[in-house]
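Visitor: Going line by line, the protein sequences match chains Z and H. For the first sequence, the residue numbers in this note's numbering are 1 to 284. For the second sequence, the residue numbers in this note's numbering are 1 to 323.
Quick caveat, the hints were computed from the structure, so don't treat them as lab data. Source: prediction; values computed, not measured. There's no promise every hint is true.
Claimed, not checked - Not close to chain Z: a few residues of chain H, all C-beta gaps over 12 Å, as computed:
1) Ala6
2) Pro86
3) Gly106
4) Pro108
5) Val112
6) Glu145
7) Asp167
8) Thr170
9) Trp175
10) Tyr195
11) Gly279
12) Ala281
13) Ser286
Said to hold, decoys possible - The calculated lysine-lysine pairs, modelled on DSSO-like cross-linking and capped at a C-alpha distance of 27 Å, are:
14) H/Lys240 - H/Lys228
15) Z/Lys178 - H/Lys141
16) H/Lys141 - H/Lys129
17) H/Lys180 - H/Lys223
18) Z/Lys178 - H/Lys16
19) H/Lys11 - H/Lys21
20) Z/Lys23 - H/Lys129
21) Z/Lys23 - H/Lys141
22) H/Lys132 - Z/Lys178
23) H/Lys129 - H/Lys180
24) Z/Lys23 - Z/Lys178
25) H/Lys246 - H/Lys223
26) Z/Lys23 - H/Lys240
Here a beta-carbon is modelled for each residue, glycine too, at the ideal position from N, C-alpha and C.
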Amino acid sequence: MATEVVSVSVPRTNGAHDLRAIKVVLHRELLRFVNDRTRMVSMLIQPILWLFVMGTGLGTLVRGSIPGVDYRTFMYPGMISMTVIMTAMFSAGSIVWDREFGFLREMLVAPVSRASIVIGKCLGGAVVATAQGVIILAMAGLVGVPYSPGLIVTLLAEMFLAAFTITAFGVLLAARMKNMQSFFGVMQMAIMPMMFLSGAMFPLANLPSWLHVLTTVNPLTYAVDPMRQAVFGHIDIPAQANAMLNPGVSWFGNQLPIGLEIGLVAVIGAVLLGVAVIQFRRSE
Amino acid sequence: MEAAVAVHGLKKTYGKVEAVKGVDLEVAPGEVFGFLGPNGAGKTTTISMLCTLINPTGGTAEVAGHDVVRQRDDVRRNIGLVFQDPTLDGYLTAAQNLRFHAELYGVPRDAVEDRMRQVLEMVALWDRKDSKVMTFSGGMKRRLEIARGLLHSPRVLFLDEPTVGLDPQTRSAIWGYINKLRHTEDITIFMTTHYMDEAEYCDRIAIIDHGEIVVIDSPEALKASIGKDRVQIQTADDEKAIGLLKERFGVDAAVREGQVTFAVASGEQFVPRLFADLGVAIRSVSVSRPSLDDVFMSYTGSTIRDAESGDGNQWMRAMARGR
């Protein structure tokens, strides 16, 4: 079997090469997701429990104070963000997994910039989390949210942005972690309070001032609020209930426009991404 | 022709610990170069610096003509790496792992499939290309890693303990690939090992101990440089025999593996004198030619296994003195 040797020559690093690297890191993320059904299912259980069990239970309790609104409709955007956030964090955690199993080294010794690896990872996490969010999106009808194309597109875009930022945060956490246990420990520690303070589970109106301050410094608040605004913009709701359930986020008494909130999430995402890249450059 | 690997005064210190204390070496293109030493001698640290995985504390190193600190990506494009620990994604198939690598290294798209087939056929994994790597045995994984390391036609292939923990068949298969590679590809191979029998396959070996290179030469030249045979005898009274060997023949001996052991220039001619003049009954005798084990011992004062366990014994010191 004397075959001709296929000799290849690898080109110098350039933009096109970095783009290929981003694409392949992203592609691997998707392959891993598609191959892992268990993960897909397990990531859905918690938001669905919250939405249909907690949502229904709490809903009967607060029915009197929010006439004409299903409490689950209120929780719905929160649970979309919860799904997206958990999936995105899990994707980021695979960096720790890759480090434990050596695959990270294969990536780090390649002649590509650290930035393209981190960007590929964050995009991968964002795409996977958005795909997971689509499943919750499909349940809109069950909680009284209409399937309007405009709403779906808006939510998808907002989900993607939130997922990207959260993956960047997760990658930053994962940059120095040596094992999965400590990553998940830290992740729980970070995610739980952020979820609680984001308005995903209860409205941010009329809170005691200390709690109000905490919710406004929580970056997740600015990811959840635009989704809620979008959902509430597409349902009929009495003004009084809207004011109570969808108060928006205000700084010093002024309500923030949605554009600013989204911009804030994007800026935070970009900063986290930048810091994550620096961390990976340094950990070599 | 420019050296494939050129290292001058390469150093690495961690705090106060000097892991590598100024290594100098040059590897010619096409050479199979072995880095031989016990665990903790600085082999992996050195190879990691050459592969741009860690930055040297001092000195310079060029691989394939590029500086490992200032031209890191140029070095990376031109080297293939096979580590001691697997670096494959078990959830992907063999082919997916290779494609991932091809993309990361920017292998021209139209060449990927042909090249992939070639490297997979070389390591006899072509028919398993669509199996998930997690279903592979340790030996298959290592073979796949070698295939992947070659995928982008590197000029230098670094193998860090490529055969450690593998069964004898896989070990010899891997040596088969390495031997084949030197004929089919224009490649230099730089490997570390602590198996003496494998070091024999190298064109040249560097013995490294305590972060320093003790000697660099071909295995044959190294064995010839010792010039002594190893003699082992069983006697009625070992203590007395050792004393008499020193007194009557001026030979340092020690008990090793339950036998009185020592080194002399030409064993066959020494044995008759031994029987005539030792004065202690000899029950058995064996003479052996120097092996790389003896070379290692002679240059470092310990066997590679004992160097790893951290204590030398008398025989080694005797052998070292007898150099």
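Visitor: Would you mind marking each hint as holding or not holding in the structure?
Guide: Results for each hint:
1. Ala6: holds, 20 Å
2. Pro86: Nearest chain Z Cβ is 6 Å from H/Pro86, so the label is violated.
3. Gly106: violated, 4 Å
4. Pro108: Check fails; 6 Å does not lie beyond 12 Å.
5. Val112: violated, 8 Å
6. Glu145: violated, 9 Å
7. Asp167: holds, 21 Å
8. Thr170: Given a closest Cβ separation of 19 Å, the condition holds.
9. Trp175: holds, 19 Å
10. Tyr195: holds, 22 Å
11. Gly279: The claim holds: H/Gly279 sits with its nearest Cβ about 61 Å from chain Z, beyond 12 Å.
12. Ala281: holds, 58 Å
13. Ser286: holds, 45 Å
14. H/Lys240 - H/Lys228: holds, 23 Å
15. Z/Lys178 - H/Lys141: Answer holds: Z/Lys178 to H/Lys141 is near 23 Å, not above 27 Å.
16. H/Lys141 - H/Lys129: holds, 12 Å
17. H/Lys180 - H/Lys223: Within the cut-off at roughly 26 Å; holds.
18. Z/Lys178 - H/Lys16: holds, 24 Å
19. H/Lys11 - H/Lys21: holds, 5 Å
20. Z/Lys23 - H/Lys129: holds, 22 Å
21. Z/Lys23 - H/Lys141: Holds. Z/Lys23 to H/Lys141 sits at ~25 Å (cutoff 27 Å).
22. H/Lys132 - Z/Lys178: This hinted pair holds, its Cα atoms lying about 25 Å apart.
23. H/Lys129 - H/Lys180: holds, 21 Å
24. Z/Lys23 - Z/Lys178: Measuring from Cα to Cα gives roughly 26 Å; hence the hint holds.
25. H/Lys246 - H/Lys223: holds, 25 Å
26. Z/Lys23 - H/Lys240: violated, 75 Å
Of the numbered hints stated above, those contradicted by the structure are hints 2, 3, 4, 5, 6, 26, listed in ascending order.
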